[in-house]
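Enquirer: From first to last, the protein sequence lines are chains A and B. Going by this note's numbering, the letters in the first sequence line up with residues 6 to 495, in that order. Going by this note's numbering, the letters in the second sequence line up with residues 6 to 495, in that order.
Note that these hints are calculated values from the structure, not bench results. One or more of the hints may lead you astray.
Any copy will do: because identical chains look the same in the list, a pair fits if it lies in one copy or spans two.
[As the list claims (entries may be wrong)] As a list, the in silico EDC-like pairs of lysine to aspartate or glutamate whose alpha-carbon atoms are at most 16 angstroms apart: (1) Lys-37 <-> Glu-120; (2) Lys-438 <-> Glu-226; (3) Lys-340 <-> Asp-268; (4) Lys-413 <-> Asp-429; (5) Lys-326 <-> Glu-458; (6) Lys-416 <-> Asp-58; (7) Lys-416 <-> Glu-203; (8) Lys-238 <-> Asp-200; (9) Lys-103 <-> Asp-63; (10) Lys-52 <-> Asp-113; (11) Lys-27 <-> Glu-331.
There are 2 protein chains.
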Amino acid sequence: MSKGITSKNDDYSQWYNELVTKADLAEHSAVKGCMVIKPYGYSIWEKMQAALDKMFKDTGHSNAYFPLFIPKSFFSKEAAHVEGFATECAVVTHYRLKNDGNGNIIVDPDAKLEEELIVRPTSETIIWNTYRGWIQSYRDLPLLINQWANVVRWEMRTRLFLRTTEFLWQEGHTAHATSAEAVEEAERMLDVYADFAENWMAMPVIKGIKTANERFAGAVETYCIEALMQDGKALQAGTSHFLGQNFAKAFDVKFTSKEGKLDHVWATSWGVSTRLMGALIMAHSDDQGLVLPPKLAPIQVVIVPIYRNDEDLAQISEVAKALVAELKAKNISVKYDDRDTQRPGFKFAEYELKGVPVRVAMGGRDIENGTAEIARRDTREKQTITRDGLAGYIETLLDDIQTNIYSKAYKFRAESIVKVDTYDEFKRLLDEKPGFLSAHWDGTPESEQKIKEETKATIRCIPLDNELEDGICIYSGKPSKQRVLFARAY
Amino acid sequence: MSKGITSKNDDYSQWYNELVTKADLAEHSAVKGCMVIKPYGYSIWEKMQAALDKMFKDTGHSNAYFPLFIPKSFFSKEAAHVEGFATECAVVTHYRLKNDGNGNIIVDPDAKLEEELIVRPTSETIIWNTYRGWIQSYRDLPLLINQWANVVRWEMRTRLFLRTTEFLWQEGHTAHATSAEAVEEAERMLDVYADFAENWMAMPVIKGIKTANERFAGAVETYCIEALMQDGKALQAGTSHFLGQNFAKAFDVKFTSKEGKLDHVWATSWGVSTRLMGALIMAHSDDQGLVLPPKLAPIQVVIVPIYRNDEDLAQISEVAKALVAELKAKNISVKYDDRDTQRPGFKFAEYELKGVPVRVAMGGRDIENGTAEIARRDTREKQTITRDGLAGYIETLLDDIQTNIYSKAYKFRAESIVKVDTYDEFKRLLDEKPGFLSAHWDGTPESEQKIKEETKATIRCIPLDNELEDGICIYSGKPSKQRVLFARAY
Numbered sequence: 006m007s008k009g010i011t012s013k014n015d016d017y018s019q020w021y022n023e024l025v026t027k028a029d030l031a032e033h034s035a036v037k038g039c040m041v042i043k044p045y046g047y048s049i050w051e052k053m054q055a056a057l058d059k060m061f062k063d064t065g066h067s068n069a070y071f072p073l074f075i076p077k078s079f080f081s082k083e084a085a086h087v088e089g090f091a092t093e094c095a096v097v098t099h100y101r102l103k104n105d106g107n108g109n110i111i112v113d114p115d116a117k118l119e120e121e122l123i124v125r126p127t128s129e130t131i132i133w134n135t136y137r138g139w140i141q142s143y144r145d146l147p148l149l150i151n152q153w154a155n156v157v158r159w160e161m162r163t164r165l166f167l168r169t170t171e172f173l174w175q176e177g178h179t180a181h182a183t184s185a186e187a188v189e190e191a192e193r194m195l196d197v198y199a200d201f202a203e204n205w206m207a208m209p210v211i212k213g214i215k216t217a218n219e220r221f222a223g224a225v226e227t228y229c230i231e232a233l234m235q236d237g238k239a240l241q242a243g244t245s246h247f248l249g250q251n252f253a254k255a256f257d258v259k260f261t262s263k264e265g266k267l268d269h270v271w272a273t274s275w276g277v278s279t280r281l282m283g284a285l286i287m288a289h290s291d292d293q294g295l296v297l298p299p300k301l302a303p304i305q306v307v308i309v310p311i312y313r314n315d316e317d318l319a320q321i322s323e324v325a326k327a328l329v330a331e332l333k334a335k336n337i338s339v340k341y342d343d344r345d346t347q348r349p350g351f352k353f354a355e356y357e358l359k360g361v362p363v364r365v366a367m368g369g370r371d372i373e374n375g376t377a378e379i380a381r382r383d384t385r386e387k388q389t390i391t392r393d394g395l396a397g398y399i400e401t402l403l404d405d406i407q408t409n410i411y412s413k414a415y416k417f418r419a420e421s422i423v424k425v426d427t428y429d430e431f432k433r434l435l436d437e438k439p440g441f442l443s444a445h446w447d448g449t450p451e452s453e454q455k456i457k458e459e460t461k462a463t464i465r466c467i468p469l470d471n472e473l474e475d476g477i478c479i480y481s482g483k484p485s486k487q488r489v490l491f492a493r494a495y
Numbered sequence: 006m007s008k009g010i011t012s013k014n015d016d017y018s019q020w021y022n023e024l025v026t027k028a029d030l031a032e033h034s035a036v037k038g039c040m041v042i043k044p045y046g047y048s049i050w051e052k053m054q055a056a057l058d059k060m061f062k063d064t065g066h067s068n069a070y071f072p073l074f075i076p077k078s079f080f081s082k083e084a085a086h087v088e089g090f091a092t093e094c095a096v097v098t099h100y101r102l103k104n105d106g107n108g109n110i111i112v113d114p115d116a117k118l119e120e121e122l123i124v125r126p127t128s129e130t131i132i133w134n135t136y137r138g139w140i141q142s143y144r145d146l147p148l149l150i151n152q153w154a155n156v157v158r159w160e161m162r163t164r165l166f167l168r169t170t171e172f173l174w175q176e177g178h179t180a181h182a183t184s185a186e187a188v189e190e191a192e193r194m195l196d197v198y199a200d201f202a203e204n205w206m207a208m209p210v211i212k213g214i215k216t217a218n219e220r221f222a223g224a225v226e227t228y229c230i231e232a233l234m235q236d237g238k239a240l241q242a243g244t245s246h247f248l249g250q251n252f253a254k255a256f257d258v259k260f261t262s263k264e265g266k267l268d269h270v271w272a273t274s275w276g277v278s279t280r281l282m283g284a285l286i287m288a289h290s291d292d293q294g295l296v297l298p299p300k301l302a303p304i305q306v307v308i309v310p311i312y313r314n315d316e317d318l319a320q321i322s323e324v325a326k327a328l329v330a331e332l333k334a335k336n337i338s339v340k341y342d343d344r345d346t347q348r349p350g351f352k353f354a355e356y357e358l359k360g361v362p363v364r365v366a367m368g369g370r371d372i373e374n375g376t377a378e379i380a381r382r383d384t385r386e387k388q389t390i391t392r393d394g395l396a397g398y399i400e401t402l403l404d405d406i407q408t409n410i411y412s413k414a415y416k417f418r419a420e421s422i423v424k425v426d427t428y429d430e431f432k433r434l435l436d437e438k439p440g441f442l443s444a445h446w447d448g449t450p451e452s453e454q455k456i457k458e459e460t461k462a463t464i465r466c467i468p469l470d471n472e473l474e475d476g477i478c479i480y481s482g483k484p485s486k487q488r489v490l491f492a493r494a495y
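Pulled out of the complex, with its shape left as it was, chain A reads as follows (with noise of 0.2 angstroms):
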């Protein structure tokens, strides 16, 4: 197949789209903003989701699953979370259609909702109005839950996986008897999507706080992993919430302590969605199309035949078969592609395309010789290696595959975190080499505000492990305590 992707260094946008599409991951539905997730794509999201499900369980919590509706009086009731969502709210306000009697389909304006309802931008409201009545003793605390779910968030422009006005996401909600253990989960969560990002994914990320200007609608800190795209593009990847007693306060939710004492409850909230799936393509990909470590990858290993009549074709087969069960039998996810449709050549390109990290070729000379051809995706080396022990030596590539890709964006990443002491420098290196710059800056909102308007760049993080230094601001030269991480961001 011709695979005719635009090079990333062309059009850094237009391959990552075309890539999105001619991979088969997701295209543009009919409904404005909203995607369809094509099954190759969906077959990678479910691998996320059965290793992210599988941290969460570890950890203590349980799945459960809350409306999707959210009457508008709930979503009014925590102030600052009102504000940061109302401008993207999709509305429910009748529940029937009905025929106008000239074969039209109109919504019946007899089937009015006395109050509308919104669909879930996140759930914090509809979750803390049910915690309420679950929620008396400290007995009840923790209250460790998760739920997977679509949320919509109505979107102006939107970008496949990474923008869009449905997505799909996990989110969750705990409750507290202290500020602390709510600080410690906050924390835990962080931890296991960085845990995630880095051994899943390969995709290194940072741990950080957002400043005050960032954090999530009625959270009192908003933990992050943000992590580097390939155009020197930041990507948070992740958020974890401390809301402190807001939400418990504003649907008056309070346990009883274990000395008798009526409190408000603590909470968490953390989320990761199908943008995941955006950070994935854009972290490791190349011109010839996904780059995907296998740990995430749906087809970990193809096999193609190379024959020119059926009696070849028997013989490959033959080996070939007995491979596959091999690495069957340890747990490897493989394909044997022995379509007559297509030629050699075409398969190769599709499972570039697609990002299959390890290709195995076998010719008429290959079983005479007891050898195969082993391609790696990430690299694009091929070698020829004994059938001996071929099952044994794909595990452990595999494995490399998975190292190396994380290797290599660690470095690039490594290589794109700059100190910067001047405004003038920060902005001719957004332009020239962008990345994370490290520079110091005054604590304000309003320096923040102003470096944004005029250089699009955002503080993406004050990094978890971040070392105190005097300095100066680079836009407003006040006195500055520590440096935070500035990027441009999708």
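Position chain B against the provided structure of chain A, taking the given hints into account.
Expert: Relative to the frame of chain A, chain B by itself:
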């Protein structure tokens, strides 16, 4: 704990409602008609999902995700379809809220959608509109896709799990080159559902087809599985539809055959929902609480220590933890409940309520004697078993319980299928001994409708394995070629 559940013989409906809430499965939310699925209920649903998802994948299907919203114009394209769903559609008309200046959050009148969006009640229309871009040639067929999603059907009278405005389900949507292949697919998926109902839910079902009156809006043929609840009412547990070319024609989805001929594609759709949770509860449970088939029980075995002092507990814990390890090695989910905040009697009642299939109690004397007391939930029988080989005993016992629950339900259903030849007898039995009534029907929608109006009984299905038999319709006295199954239903 005191369960205080209404007896199912006194008030079956009340018994069901109390069971759902007291066993922590689900509760009503603040949003009319929408439920909250609580962690314990959701963990059963997750087990159902996992089993079904594997069955779908084993039969060649892939998962994907389509938008929550459907433009009103799409929805109107298939005439029978829109007619069937128009009266229960939630409609999004606006995409923004705003502060009215007096501190009130209102729907922004300037943010009205040009075209209203329907919250999907089912996804045929949005999916077939998408398939138009995916299908050109016979090479693209069959297209075998499933979606796990939430759907909304506005209901005036709701019951937890059985009938809720929002529910969770899966919907398969497949496309085929021939009518025969599509029919084969619809029947295959009906078999998958029946297999799941019988072998996982331990719930016998009758496979059949619906009459025209009861058919899915837009289908040519609706296949169904019908189960019988303990009160003698039927419950439709799953449906599989042969859609003919209706949606392909409405959305102009054509393919070029091998012979180069252009034709519309043939379709199926099929779904099961969180309604199955209601069926599972009603099929097996008793006045003590849930009775869960071991294959779907989140906790299959609970171990409760019975101790007078810490020394006792230490001894028991050592033995219990070894048993936990042995059971886990057999992939049995087990909980050791050594909470010191509750007494054994409370725990016994709690696990009975929650339907844990096997309870192991261990006291000081058991440790001395090398025994344990085993109680099975289905029959509530207790036995003292020696510690040697206990894990193996429990493994076998879980299989026995699965089989026994099914057999009991099967026996009840067998006794509840009665042949009836007169309308008087029909009406008498509906009140006195409800169940499936096998009766002759003249095949007209008119007689079917009259019977429904007069008795609230509907034709549940024409069984697939039905024998032809000459007779006369119980209602009209007109000739009939076969009996059909009537019942009052959920």
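Enquirer: For a quick check of understanding: which of the numbered hints are violated here, in increasing order?
Expert: The structure conflicts with hints 2, 3, 4, 5, 6, 8, 9, 10 and 11, although it agrees with all the remaining ones.
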